[in-house]
Amino acid sequence: MLLIRDEIVAARQRLCTVYGQLRQRHQSGLSAEELCAELAAARDAIVIELFWAAVGELCGQASREASGIALAAHGGSGRKEVAPFSDVDLMLLYDPRAAGLVSRLTERLVRDLFDVGLKLAHSVRTVAEACRLGCADPLTATSLMDSRLLVGDKRLYGEFVRCFFRRVRHCGRRLAEAISGARLAERIRYGETVFLLEPNVKRSQGGLRDLHLPRWLACTRHGQPSLEALLRAGILTEEDRQAWQAARQFLLRLRNQLHFEAEQASDVLNRAAQVEAAKQWGYQPSAGLLAVEQFMRDYFRHTNAASSIARRVEDRLLSGRR
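Just so we're aligned: the sequence shown equals residues 1020 to 1341 in the working numbering.
Careful: at least some of the hints might be erroneous.
Said to hold, decoys possible - Cβ-Cβ distance ranges computed for the label pairs, FRET-style: (1) R1031 x E1247: 38 to 44 angstroms; (2) E1257 x V1129: 41 to 47 angstroms; (3) A1056 x D1025: 42 to 48 angstroms; (4) E1026 x S1086: 22 to 28 angstroms.
Unchecked claim - Below, in silico cross-link-like pairs of lysine to aspartate or glutamate (EDC-like), each with a Cα-Cα straight-line distance of 20 angstroms or less: (5) K1099 x E1247; (6) K1138 x E1217; (7) K1173 x D1114; (8) K1138 x E1026; (9) K1173 x E1148; (10) K1099 x E1126; (11) K1173 x E1053; (12) K1298 x E1282; (13) K1099 x E1052; (14) K1138 x E1126; (15) K1298 x D1317; (16) K1099 x E1148; (17) K1138 x D1106; (18) K1298 x E1178; (19) K1138 x E1280; (20) K1138 x E1282; (21) K1099 x E1068; (22) K1173 x D1063; (23) K1173 x E1196; (24) K1298 x E1280; (25) K1138 x E1247; (26) K1099 x E1057; (27) K1138 x E1257.
Just so you know, these hints were derived from the structure itself, not from any lab.
Keep in mind it's a predicted model, so treat the numbers as computed, not measured.
Where is the CB? At the ideal position from N, CA and C, for every residue including glycine.
Hey, can you work out the whole structure from these sequences and the hints?
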C-alpha cells in the first residue's frame, strides 16, 4: 500500500482551503489580479516547501543549499496570472555538474506536486539549452520571457536571464515574426473574429493571448516584456494602456469564473457559462437587452480593444517603422 507523506497531505489540505476561500472572495467581488496573485503565492509556497524537502532528503540532510540548481516559474505562473485549475509552469535549470541530483530531484518533485493536486507543466534544462530556445521556438520563448526565480541558485538563474534576453534581442525581427505567426495560427484555430458565439477566452481573437502579444513583441525590440517601452515609443497611448488594463481585469476574472464553475481547467465561454457569469456579476435586463446580452456586449468591447491593440503593435513593429 502506497502511503502519502504527512507534508503532502498537509499541503493538499492547505491548497483546498485556499481554493475554497478564494472562490468565496471571487463571488464577493475580489479583483482578478488579487485572486491570481494570492493563488500564485499559495502555489509558490508549496512548490518551494516541497523543493527543500526533496533536496534535504536526497542530500541526506536538512539542506538549504541548492548549488547548481534553480527552479523558475514561467508563463502564467511567472506572471502570477494563474487561474484556479491552470497548470503550474516550472523550469528546473541546472549546471551539468549537478545532472545526477537534478534527475532524482525532478522525479521526486513531479510526483509530490501531483500528489498535492497540482497539474504540472515542467522542463529540465541547462542554461545553454534554455537560451537556445530564445530563438528556436516562439511558444517556448514567449513563456520564458515571463520567468521568475522561485528558489535555488541565484547566480545560475541570473546567468540564464542575461543569456536569454540577450539572445531574444539578437534574434529580434526573426523572433517577432515567428511569435506573430504562431499567434495567427492560434487565432485561425480558435476563431479569427471577436464575435464568436462560444469563444475561448484565452486563445480566440481578442483573448488573453492577444493581451500579451504586445508585451512579447516589445521584448524582441527592447529586451523586456513590458508595455512601457511601447508607450515611450509612441506606439501605444495612455488610453491604450487603460483599455488594456480593463480588458485584462475582465478576462482574468472571467477565466477564474469559468474554472470555478467547471471545477476544472475550462476556457470556453459557452452559452450556459455566459448566462451564469451575467448572473454572478449582477447584470440586469435593461434597454431591451437581456442580462446575458449586456454581459456579452462588454465581453466583445474588451476583446475588440485587446485585438485592436495587438494588431496595431504588430503592424508597427513588424513593418520596420519606428
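Evaluation of the provided hints:
Separated by about 40 angstroms at the C-beta atoms, R1031 and E1247 satisfy the suggested range of 38 to 44 angstroms. The supplied range of 41 to 47 angstroms is met by E1257 and V1129, whose beta-carbon atoms lie about 44 angstroms from each other. Taken as a hint, the range 42 to 48 angstroms is violated for the pair A1056 and D1025, whose Cβ atoms sit roughly 29 angstroms apart. Restraint check, E1026 to S1086: a C-beta distance of roughly 24 angstroms satisfies the suggested window 22 to 28 angstroms.
Distance restraint check for K1099 and E1247: the Cα-Cα separation of roughly 19 angstroms lies within the 20 angstroms cut-off, and the hinted pair is therefore satisfied. Between K1138 and E1217, the direct Cα distance comes to roughly 25 angstroms. Violation of the 20 angstroms bound is thereby established for this hinted pair. Between the alpha carbons of K1173 and D1114 the distance comes to roughly 12 angstroms, so the proposed pair stays at or under 20 angstroms and holds. Restraint check: the Cα-Cα separation between K1138 and E1026 comes to about 18 angstroms, which is no more than 20 angstroms; the hinted pair holds.
A hinted pair counts as satisfied when its Cα atoms are at most 20 angstroms apart, and K1173 with E1148 qualifies at roughly 18 angstroms. In summary, the hint linking K1099 to E1126 is not supported, as the alpha carbons are separated by about 25 angstroms, beyond the 20 angstroms threshold. Restraint check: the Cα-Cα separation between K1173 and E1053 comes to about 27 angstroms, which exceeds 20 angstroms; the hinted pair is violated. Distance restraint check for K1298 and E1282: the Cα-Cα separation of roughly 18 angstroms lies within the 20 angstroms cut-off, and the hinted pair is therefore satisfied.
The straight-line distance between the Cα atoms of K1099 and E1052 is roughly 9 angstroms, inside the 20 angstroms bound, and the hint therefore holds. Between K1138 and E1126 the alpha-carbon distance is near 14 angstroms, which keeps this suggested pair within the 20 angstroms criterion. Taking the CA atoms of K1298 and D1317, the gap is near 14 angstroms; set against the 20 angstroms cutoff, the hint holds. The hinted pair formed by K1099 and E1148 fails the criterion: a straight-line CA distance of about 24 angstroms is larger than 20 angstroms.
Distance check on the hinted pair: K1138 and D1106 sit about 5 angstroms apart at the alpha-carbon level, within 20 angstroms; holds. This hinted pair does not check out: K1298 and E1178 have alpha carbons roughly 49 angstroms apart, beyond 20 angstroms. Of the supplied pair hints, the one linking K1138 and E1280 holds, its CA atoms being roughly 18 angstroms apart against a limit of 20 angstroms. Restraint check for K1138 and E1282: the C-alpha separation of about 14 angstroms stays at or below 20 angstroms, so the hint holds.
This hinted pair checks out: K1099 and E1068 have alpha carbons roughly 18 angstroms apart, not beyond 20 angstroms. About 17 angstroms separates the Cα atoms of K1173 and D1063, which keeps this hinted pair within 20 angstroms; it holds. Pair hint K1173 plus E1196 does not hold up; C-alpha atoms about 32 angstroms apart against a cutoff of 20 angstroms. The straight-line distance between the Cα atoms of K1298 and E1280 is roughly 13 angstroms, inside the 20 angstroms bound, and the hint therefore holds.
This hinted pair does not check out: K1138 and E1247 have alpha carbons roughly 33 angstroms apart, beyond 20 angstroms. For the hint pairing K1099 with E1057, the CA-to-CA distance comes to about 9 angstroms; that is within 20 angstroms, so the pair holds. For a cut-off of 20 angstroms, the pair hint linking K1138 to E1257 is broken: about 38 angstroms separates their Cα positions.
Taken one by one, the earlier hints fail for this structure at numbers 3, 6, 10, 11, 16, 18, 23, 25 and 27, listed in ascending order.
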